[in-house]
Amino acid sequence: MGIQSAKMRGSWLLVGAAGAALLSLAVLPSPAQAPYKAPKTKDGKPNLNGIWQANNEANWDIRPHAAYAGPVYTLGAAYSTPAGLGVVEGGEIPYKPEAAAKQKENFTNRLKLDPEIKCYMGGVPRSTYMPYPFQIVQGTGHIMIAYEFAGAVRDINMGAPTKAPADSWMGWSNGHWEGESLVVDVTSLNDSTWFDRAGNWHSDALHVIERYTAIGPDALQYEATIDDPKVFTRQWKMSMPLYRRLEKNAQLLEYKCVEFAEEVLYGHLRKQPLQGKGDSK
Amino acid sequence: MRRCVLFSLIALAVVSLVAAPMFAQAPVTAKPAPAAKAWTMPRTPDGKPDLQGVYSNATTVPVARPANLGAKEFYESEEEKAAIAAAAAAVAAGRAGRGGAARPAAAADPEGNGLAVHYDNGQFGLGGSSAKRVASLRTSIITGPEGRVPAMLPEAAKIIADRRAYQQAHQWDSAQNRPLAERCITWGFEGPPMMPVGYNSTLEIVQGQGYVAIVQEMIHDTRVIPTDGRPHGPAEIKRWMGDSVGHWEGDTLVVETVNYNPLVLIQGGPVSDAAKVIERFTRVDADTVQYQFTVDDPKTWVKPFSGEYNMVHIDGPVYEYACHEGNYGMANNLSGARATEKK
Numbered sequence: 001m002g003i004q005s006a007k008m009r010g011s012w013l014l015v016g017a018a019g020a021a022l023l024s025l026a027v028l029p030s031p032a033q034a035p036y037k038a039p040k041t042k043d044g045k046p047n048l049n050g051i052w053q054a055n056n057e058a059n060w061d062i063r064p065h066a067a068y069a070g071p072v073y074t075l076g077a078a079y080s081t082p083a084g085l086g087v088v089e090g091g092e093i094p095y096k097p098e099a100a101a102k103q104k105e106n107f108t109n110r111l112k113l114d115p116e117i118k119c120y121m122g123g124v125p126r127s128t129y130m131p132y133p134f135q136i137v138q139g140t141g142h143i144m145i146a147y148e149f150a151g152a153v154r155d156i157n158m159g160a161p162t163k164a165p166a167d168s169w170m171g172w173s174n175g176h177w178e179g180e181s182l183v184v185d186v187t188s189l190n191d192s193t194w195f196d197r198a199g200n201w202h203s204d205a206l207h208v209i210e211r212y213t214a215i216g217p218d219a220l221q222y223e224a225t226i227d228d229p230k231v232f233t234r235q236w237k238m239s240m241p242l243y244r245r246l247e248k249n250a251q252l253l254e255y256k257c258v259e260f261a262e263e264v265l266y267g268h269l270r271k272q273p274l275q276g277k278g279d280s281k
Numbered sequence: 001m002r003r004c005v006l007f008s009l010i011a012l013a014v015v016s017l018v019a020a021p022m023f024a025q026a027p028v029t030a031k032p033a034p035a036a037k038a039w040t041m042p043r044t045p046d047g048k049p050d051l052q053g054v055y056s057n058a059t060t061v062p063v064a065r066p067a068n069l070g071a072k073e074f075y076e077s078e079e080e081k082a083a084i085a086a087a088a089a090a091v092a093a094g095r096a097g098r099g100g101a102a103r104p105a106a107a108a109d110p111e112g113n114g115l116a117v118h119y120d121n122g123q124f125g126l127g128g129s130s131a132k133r134v135a136s137l138r139t140s141i142i143t144g145p146e147g148r149v150p151a152m153l154p155e156a157a158k159i160i161a162d163r164r165a166y167q168q169a170h171q172w173d174s175a176q177n178r179p180l181a182e183r184c185i186t187w188g189f190e191g192p193p194m195m196p197v198g199y200n201s202t203l204e205i206v207q208g209q210g211y212v213a214i215v216q217e218m219i220h221d222t223r224v225i226p227t228d229g230r231p232h233g234p235a236e237i238k239r240w241m242g243d244s245v246g247h248w249e250g251d252t253l254v255v256e257t258v259n260y261n262p263l264v265l266i267q268g269g270p271v272s273d274a275a276k277v278i279e280r281f282t283r284v285d286a287d288t289v290q291y292q293f294t295v296d297d298p299k300t301w302v303k304p305f306s307g308e309y310n311m312v313h314i315d316g317p318v319y320e321y322a323c324h325e326g327n328y329g330m331a332n333n334l335s336g337a338r339a340t341e342k343k
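Residue numbers (our numbering), protein chains in the order written: chain R, 1 to 281; chain C, 1 to 343.
None of these hints come from the bench; they were simulated from the model. As the structure is a computational prediction, the values presented were derived from the model and not from experiment. Take these hints with a grain of salt, some might be off.
Stretches of chain R that chain C covers, calculated by requiring three or more beta carbons in the stretch to come under 8 Å of a beta carbon on chain C [said to hold, decoys possible]:
id, stretch
1, 33 to 47
2, 125 to 137
3, 150 to 161
4, 176 to 182
5, 245 to 253
Each residue gets a CB set at the ideal place from its N, CA and C atoms; glycine is no exception.
Use the sequences and the hints to build the structure in full.
Given below as structure tokens:
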């Protein structure tokens, strides 16, 4: 018994030691595991040039969600909502009670209200994780981000911060470098964009701080800190990786979707109703 | 550093070579280049000419040369330019007084771009006096002795006539029957070739590694042009702004565009699947980028034509022109048409 217990104690000690060693390997930074640093542009900035795209389900709902049927039954399984783990840190959006109720209303009426259906520019941060690529063109004084969806575009001023002349769909972006990260302060966004197809929303008091950080040659970590005191009880954050489009001939194509939305927006004003297309419900 | 100077000397030589033929056609030219002031081509960190910035391509130079100027490609001086304009206005006023043509071109179309005036541009700060422009003694944007676009081939003219006839008969039937500009799909000036507009003639150029991006304020139309030597995309993919690839020839950015959406118009002509447009961007001084273009579409025009203007650096910004998002006019017009039918 004594011997056995001593043996056992010994083996537990061994396991403990091995565990501790493993633990320290995982926790302690070693030179091989130093954070990734992007190659530099010729002027010494992290090189974020490229065509990027999210590969997640945030555009359906930024919160964790199980799969559910889409709003147009005739489209069946092809256009229903895939399950997603969510991109909101902590999983929950800190809505004020009346704002939470409005999100539910938005969801119920999403076929009528979702600005994506109408081909309106996606705003920030939604444009980042819509299922379309976007391209970062990193100039010296300005960084341009061109989005395929609705041809939206942002000009990020990297010089002394400037003030927006007016509210807009894509907002007003002042950027700077913080070590390896491009940090963009986005203000003067209008209240007409959503965060997703689930009706998660914001007001015109929205203030977004974005961080783009390379985590590998072909991936960026994207973080957006969301502040909107009219709608939320506190700041909250979403984060997700973005992936480089690696096709050799990758390029931004046109998704000028006005044509695809005209029937939804103006079809009721046609001289002759369109026959046999779409859901007439 | 010495290399940079050498490059800019070569650039100047190239520019003057390019400019020489048109100088030969007109005795007096645009203002002489400020050669006295030593100006060095600014370069991006990777050594390319730095074209970046916000520009205006507003101009008082008309697209087509006024007929009374014949083959005169440049005015001798600002004084001569003013005198000829005044004489033309007087003739037109005289005609109007006798009950003749009451629309002197210059007054009805001050920007010379064919836009019907329906806004008070001055009131919105969009008028001629509020836009910064490059002074130019050119008599027309279209270069060459004719100074106007060549004749359209009969087949191309028929396409336009058929479209127009259909549109006139059905113009208020649906949103899809309205012109592309009203639908906020393309204004028609974004090109390529990019043409000055009556207002919002603002664009921004940003250069990244292997790409040049150009945003035009009109409908925030953006081209991200690869300069990494790749070929055009598949011919199946037609685009509203065409499919542009670029390369550097010395200090000039040369952009070639094909694969246009067949509904696009260039100078009122339909764009065929054979259309090819070449643009050349050359920074010529601290404030100015010279823009040249050639349109070659053998299925639409009897011969290619070329044009040229200068864009001038402005402080900006490029405003967000959320055309579609704010298109209340579309619904209002259509509901007006439906109401009229019920009367």
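- Verdict on chain C covering the stretch 33 to 47 of chain R, criterion of 3 CB contacts below 8 Å: holds (count 4)
- Query: Counting residues of the stretch 245 to 253 of chain R whose CB is closer than 8 Å to a CB in chain C, do you get three or more?
  - Reply: It holds: at least three residues are needed, and the stretch 245 to 253 of chain R offers 4 whose Cβ sits within less than 8 Å of chain C.
- 8 Å C-beta criterion, at least three residues: is the stretch 176 to 182 of chain R covered by chain C: Since 0 is below three, the answer is violated.
- Three or more residues of the stretch 150 to 161 of chain R near chain C by CB distance under 8 Å? holds (count 5)
- Taking a Cβ-to-Cβ distance below 8 Å as contact, does the stretch 125 to 137 of chain R have at least three residues touching chain C? The restraint on the stretch 125 to 137 of chain R holds, since 3 of its residues have a Cβ under 8 Å from chain C and three suffice.
The structure fails to meet hint 4 from the earlier list, while all remaining hints are met.
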